[in-house]
Structures are given as structure tokens and as C-alpha cells.
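Could you build the full structure based on these sequences and the hints that come with them?
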Amino acid sequence: MSADDDQRQLEKVANGDRQAIGVLYQRHHKRVFHFVRRYVSDVAAAEDLTNDVFIEVWQKASAYEGRSKVSSWLLGVARYKALSEVRKKKPVHSKSEQILDALEDGADDPEMVSQKRDKGAAIKRCMQTLSRDHRVILELIYYHEKSIEEVSEILDIPKNTVKTRTFHARKQLSAEMTAQGLDRGWP
Amino acid sequence: MSTLSEKEKQEVSLLLPWYANGTLDDADTRKVEAALAQDEALAREFDVVLEDQAAMVELVSEEDVPISISERFKAALNAEQDELAPSVQPGETGESLINRMITALFPARPRAYAFAAAAIVLLVPAVAVFSIVNGNQQTGQYQTASGQEETGIAKTRMLVKFNPEVTWSDIDAFLKENRGQVVKGPTADGLYELELEKAEELVEKMDAEVGIFEFVLPAN
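Those protein sequences? They're chains S and E, same order as listed.
This note's numbering numbers the first residue of the first sequence as 1 and each following residue consecutively.
This note's numbering numbers the first residue of the second sequence as 188 and each following residue consecutively.
Quick caveat, the hints were computed from the structure, so don't treat them as lab data.
Just so we're clear, the structure is a prediction, and the values are computed from it rather than from any experiment.
Don't take each hint at face value.
With a straight-line cut-off of 20 Å between C-alpha atoms, the simulated SDA-like cross-links for lysine to any residue are [said to hold, decoys possible]:
id, chain 1, residue 1, chain 2, residue 2
1, E, Lys348, E, Pro373
2, S, Lys171, E, Glu238
3, S, Lys163, E, Lys196
4, E, Lys218, E, Leu191
5, S, Lys124, S, Leu182
6, E, Lys342, E, Ala360
7, S, Lys124, S, Ala179
8, S, Lys30, E, Ala262
9, S, Lys163, E, Ala214
10, S, Lys30, E, Ile256
11, S, Lys69, S, Gln59
12, S, Lys124, E, Glu250
13, E, Lys261, S, Ala44
14, S, Lys81, E, Glu267
15, E, Lys194, E, Asp226
16, S, Lys163, E, Leu202
17, S, Lys69, S, His29
Some chain E residues flagged as far from chain S (calculated, every beta-carbon gap over 10 Å) [to be verified]:
id, residue
18, Leu191
19, Asp269
20, Asn365
21, Lys392
Positions of the beta carbon are idealized from the N, C-alpha and C atoms, including for glycine.
As C-alpha cells, then:
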């Protein structure tokens, strides 16, 4: 998948090419779905939002100005739609204390003890305790492989804020790890 | 031993996630690489970043995407197109309008191409048969069964079954010679109705053409 080809497909979509929207959908819908899931906890709602994003692309492909990668533009549209959805309802925030309590409750379970020894599994558990903003920004960088500029466009925040928010997200993650007795030596 | 100032270390620390995902520009990449090479604390911090990156990719990848999502999207897209179809404005460009019509008629283009190809495959033999059947006609002399007939020429119709071995070239030659045409057929039993001139001579002739016909019956 190349950014150039994404752009070509989007131009075709703007000319009413249904096959092209299918191509873009197949390439990007999973990533859009994962991204939207950070904003809405309900899977069915995330599914609807994901599809809404691509329907909007179908309707408004000509609005794409080519200033960012198509994949970033899609995530920007997804974020806007997801936030609109969240504003309609009560926002769902991560409740780290509750999640940690749940983890501690399960500490007697031998399987859970074994999992806690697994550093990767522990990091994943701690990631789930991060605030939405922190998790979103780390996901954009690590999973979506977005540059500083792209994250700035998608989240509509200045580049310096992107850097500092990311730094704080990493620190928070390590703090969660330390709270679970897994000191990684940083910060 | 690190010669980096605290400010330089902080700057590099902020860039580490993007060094990990490979999206830094060349200048920042060189800056980070040089810093990692000489500062152990930064190098350890980068190891933590790589752990986070691996865990995040794994975590997100574990999240199931509903199987129904694609089908629901197709349905939503179809509904969207149904809504759009009547709203095509006359002012739109011809190309755009044609594109929209094609899209509306043939939702999936590969399927449309396949449909067109299939139509050609079916049409070519049909045209060949039709031209064979009608190829003997001279303009104004013979019409199809539904057409007007030239007056003053006696015609008769025969119900025939062609020999399975016979080729359309043979049939064509026979029809040309006898100024005839196929007006119906084939039926489920493989029968054809022919319209021919000079019926009296023809019966004998057709009886003799054992290579072409399995049997011949008057149709009227």
C-alpha cells in the first residue's frame, strides 16, 4: 500500500468509482476501526462510526486537499466523527483504578501471576489503563506509524504538544508499570 | 561518556518514539543516532520505547474487527447510492453523469466487465447463426417471419430436424440454394421451422438431402 496509490484511489472515488472506495475500505477500515475504538467503547458503535467515515469519504472525496496522507486524513475524519458521537453521550474515560483493582483481585490466580511475569502482557495491561488522550497518541505513533506532523494534523494540536503529550503518556505508562511492581528503569 | 547537555538529552528523548517508527527526517534521525551512541541512559530509554511499541502493536492487533463490518458498509454504500441516483443534476458534466449511470447500473465494475464479456461470448455465435440463417436473403426478397413478405412468390414452411453431424455452413449453403430461411427454432426437441420457395421441388430435394436432415415435415 503506498500513499501515492491511496491518493489515486481517492481521486477515482471523487469521480464516483465504487471499486476505488472498496479498495480504500479494504486497506484502511481495520485501522480506522481500532482508532475509533479508543473513543467509543461499544463495538457496534465503533463499527457504525468506521463505516460512516468511509461513507463520508464516498460523498466528499473531492474535499481532500492532498496536504496529508490519505490514511491520516481518514483518521482525522474518524476522530471528528468519534468526538461528535462522544459529545452526544457521556464520555467514557479509562478508569485506571478500577482496572488495577481488578488486576489485583486476580493476582491469586496462577495464570494471572504467570501473565504478570510476562513483561509484554504487563505493558499491554498498563496501556489499557491510560487516559484516552495518552493511549490515542501512543497508538498513532506505534501502531499507525504516524509522524509528528501527521499526529498534529489528526489530533489538531501543535507539534510541540504532540511531543510533550507523548512524553507524558510514556511516563504515565512507566508509572503504571512501577505501580504493578515492574520497574523498567525509566524515567 | 555522554557529552550531551540536559537540554539536548531532553530534545532527543522527545523524539525517540518517532525514531522507533521511522518517520523522523534525516537531520533528526542523525541527531538521535548520535545521541544513542554516546548516552547509555538514552539508549536504555529507547529500549523501553521499543518494548512499548511492540506491546502496542500486539495489543491493537488483538482487537477483533467485527466480521459483519464490510457487509454493513456495502449495504450502507448501496443505500447511499440509491439516495443519490435521483439527485443527479442536468448541469453535471457528461462524463460524470455517465460514470454515475454506469456505477448505478453495474455496482461492481469487474462484474460489469464480466457481464459484458459474457454477453459478447453469447452474442457472437448468435450473430453467426443469425447471419447464416439470414445470409441468403437479398434485400427486398425475403423477410423474417414477422416481416412483410414479397407478394407473388409461393412459399412453404417445413418442420425439420437437422442431422447432428451437419455444420451450419452446409445448412447455409442449402438455404441459399433454395432461397429459404429459418423462421423458428430450435424447439426443446431440436426442431426448426424453415420457410422455403418452390415447395413442390423442394420436398424431393429435401428427402434426398439425407446428410442435412434427419426428417422433414410440412409445417403448414
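Status of the hints after comparison with the structure:
no.: 1; hint: Lys348(E) x Pro373(E); verdict: 9 Å, holds
no.: 2; hint: Lys171(S) x Glu238(E); verdict: 14 Å, holds
no.: 3; hint: Lys163(S) x Lys196(E); verdict: 14 Å, holds
no.: 4; hint: Lys218(E) x Leu191(E); verdict: 11 Å, holds
no.: 5; hint: Lys124(S) x Leu182(S); verdict: 13 Å, holds
no.: 6; hint: Lys342(E) x Ala360(E); verdict: 18 Å, holds
no.: 7; hint: Lys124(S) x Ala179(S); verdict: 14 Å, holds
no.: 8; hint: Lys30(S) x Ala262(E); verdict: 18 Å, holds
no.: 9; hint: Lys163(S) x Ala214(E); verdict: 17 Å, holds
no.: 10; hint: Lys30(S) x Ile256(E); verdict: 9 Å, holds
no.: 11; hint: Lys69(S) x Gln59(S); verdict: 19 Å, holds
no.: 12; hint: Lys124(S) x Glu250(E); verdict: 12 Å, holds
no.: 13; hint: Lys261(E) x Ala44(S); verdict: 16 Å, holds
no.: 14; hint: Lys81(S) x Glu267(E); verdict: 18 Å, holds
no.: 15; hint: Lys194(E) x Asp226(E); verdict: 13 Å, holds
no.: 16; hint: Lys163(S) x Leu202(E); verdict: 7 Å, holds
no.: 17; hint: Lys69(S) x His29(S); verdict: 15 Å, holds
no.: 18; hint: Leu191; verdict: 16 Å, holds
no.: 19; hint: Asp269; verdict: 13 Å, holds
no.: 20; hint: Asn365; verdict: 53 Å, holds
no.: 21; hint: Lys392; verdict: 58 Å, holds
Violated hints are absent here; each numbered hint is respected by the structure.
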